[in-house]
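Protein chains in written order, with this note's numbering: chain Y, 9 to 113; chain U, 9 to 113; chain R, 9 to 113; chain G, 9 to 113.
In case anyone wonders, no lab produced these hints; they're calculated from the structure. It should be emphasised that the depicted structure is a prediction, and the values quoted were computed from it without experimental measurement. Heads up, a few of these hints could be off.
All copies of an identical chain are treated as equivalent in the list; a pair is satisfied when it fits inside any one copy or across any two copies.
Under the rule of at most 25 Å between Cα atoms (straight-line distance), these lysine-lysine pairs were calculated in the BS3-like manner [said to hold, decoys possible]:
#1 K90 / K109
#2 K63 / K78
#3 K13 / K58
#4 K96 / K58
#5 K90 / K78
#6 K90 / K13
#7 K13 / K63
#8 K109 / K63
#9 K108 / K58
#10 K21 / K78
#11 K108 / K13
#12 K97 / K109
#13 K104 / K90
#14 K102 / K90
#15 K18 / K78
The chain contents come next:
Protein chains: 4
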Amino acid sequence: MEQVKAAVVKFTKDRDWDQFHSPANLAKSIAIESGELLECFQWNDGNYDKEQVCKELADVVNYAILLADKLNVNLEDIIMEKLEENSKKYPVNKSKGNSKKYTEL
Amino acid sequence: MEQVKAAVVKFTKDRDWDQFHSPANLAKSIAIESGELLECFQWNDGNYDKEQVCKELADVVNYAILLADKLNVNLEDIIMEKLEENSKKYPVNKSKGNSKKYTEL
Amino acid sequence: MEQVKAAVVKFTKDRDWDQFHSPANLAKSIAIESGELLECFQWNDGNYDKEQVCKELADVVNYAILLADKLNVNLEDIIMEKLEENSKKYPVNKSKGNSKKYTEL
Amino acid sequence: MEQVKAAVVKFTKDRDWDQFHSPANLAKSIAIESGELLECFQWNDGNYDKEQVCKELADVVNYAILLADKLNVNLEDIIMEKLEENSKKYPVNKSKGNSKKYTEL
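Kindly produce the complete structure, drawing on both the sequences and the hints.
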């Protein structure tokens with residue numbers, strides 16, 4: 009992942025795009041790309057173009073890497089911290105086999 | 009990243025949530041979480057709650073990891089492939105310092 | 009608006025697209041189109057293509073009209089009801105000149 | 009619809025919120041609310057809370073009305089113009105009973 013992160017950051021640096029990458033613009037970009045990802049499933053949930061899904065998913069995570077970099081946080085760390093928080097919101101005994109939101113558990 | 013991925017997948021498995029995680033539902037979840045991330049910047053681009061941004065960003069990437077796992081693809085690989093593709097769409101000499109979309113370059 | 013609604017519904021009926029328009033698929037479509045609308049502001053908040061913004065905005069509301077129709081609700085009615093609810097969440101004396109969410113007022 | 013539009017605009021004016029409602033911020037708000045609408049269908053396409061769907065849909069269109077107002081365009085007009093454009097992209101004989109995007113017709 010370190011190599012991927014370095015490649016993503018270098019891609020941006022080579023093009024002098026850092027000037028456009030405010031946290032707000034990166035958040036917008038993640039939302040835009042997640043809309044394109046969703047478009048792969050717009051009219052049919054089960055019959056999708058896997059290659060296209062992978063490209064759009066890559067775009068989402070590409071911007072996520074840039075946002076973490078911009079905020080000077082480690083993506084792995086914040087995911088592990090959120091999992092810890094979620095494990096309290098969703099204790100196994102209450103949430104097993106259950107898709108309800110924690111506010112309704 | 010392998011450790012993080014294992015933790016994310018285990019979290020889901022412990023709760024028997026795999027049954028809800030169709031690719032389409034995961035794509036919806038990524039879009040939903042990216043909306044929550046965007047909410048951190050709704051009325052103000054520059055003045056954001058960094059801790060909240062990190063939590064929402066973690067949620068986005070958490071679902072991205074699950075979607076890659078569900079599709080049996082390696083997240084790092086698809087990002088590197090997309091970077092390769094993007095480097096053709098956005099050659100340095102044309103796109104340097106320029107935020108135009110490749111269709112307008 | 010009644011005329012517009014009739015035109016939107018007729019467009020769909022002429023193409024026999026009602027079969028694709030489950031409430032869930034229409035909700036996805038609204039999210040997808042709102043991502044395209046957001047793209048008009050991706051790298052620059054103030055310098056946008058007004059014509060393009062109008063097209064994407066029209067797409068969002070087009071699907072909103074179809075979703076209201078599918079749910080057999082009147083779009084005007086549900087907006088007025090939500091305004092009523094919001095006026096309790098955001099009383100003028102507390103929210104005037106203030107962009108805080110009601111949970112923080 | 010004119011009455012609804014007047015009520016939506018008055019709600020904002022009463023709270024002096026116009027200062028927050030740049031076109032970019034309204035586009036973000038539409039994307040955020042469309043994520044909340046999508047959340048009604050996150051894990052289950054067919055079993056949704058209709059009342060909640062209506063509230064989130066109202067929020068989406070509420071911001072759409074504000075954006076049209078901010079841009080000084082008539083929402084009905086831009087929808088009719090977009091339908092006209094779409095009818096060329098999707099001629100009945102090619103698109104009937106078919107959910108393909110116009111680029112693939």
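Exercise. Of the hints stated earlier, which fail here?
Worked result: none
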